[in-house]
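S.K.: Sequence:
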Amino acid sequence: MMMKNGLALISLGCLLFMFSVNPKTLKYDFLLMATAVSLIVLGAVLAYKGNKNAKKAEVKQHENR
1 MMMKNGLALI
11 SLGCLLFMFS
21 VNPKTLKYDF
31 LLMATAVSLI
41 VLGAVLAYKG
51 NKNAKKAEVK
61 QHENR
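Take the sequence shown: its position 11, counting from 1, is numbered 11 in UniProt numbering, and each next residue is one higher.
No lab work stands behind these hints: they were computed from the structure.
Treat the hints with care, as some may be off.
Below, computed lysine-lysine pairings styled on DSS-like, alpha-carbon distance capped at 27 Å [said to hold, decoys possible]:
hint, residue 1, residue 2
1, K49, K60
2, K4, K52
3, K4, K60
4, K55, K4
5, K56, K24
6, K4, K49
Just so you know, these numbers come straight off a predicted model, no measurement behind them.
Let's have the full structure, built from the sequences with the hints guiding it.
M.R.: Quick look at the structure:
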């Protein structure tokens, strides 16, 4: 579940990062960009932890056979 939540946060962060530029003036909204980067980093941490826990559970399941 952590991995899915992490991937969802990464995708939200990428969308926010994409829309952090005003297309008419080509100026950046740095608050929106900072929010996007923080969501991407948080999502990456959650996805990494979820993947690590999934591998640990898989190894534990194979040991019980």
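S.K.: None of the hints should be skipped; say for each whether it holds.
M.R.: Hint-by-hint comparison with the structure:
{"no.": "1", "hint": "K49 with K60", "result": "16 Å, holds"}
{"no.": "2", "hint": "K4 with K52", "result": "13 Å, holds"}
{"no.": "3", "hint": "K4 with K60", "result": "21 Å, holds"}
{"no.": "4", "hint": "K55 with K4", "result": "15 Å, holds"}
{"no.": "5", "hint": "K56 with K24", "result": "49 Å, violated"}
{"no.": "6", "hint": "K4 with K49", "result": "11 Å, holds"}
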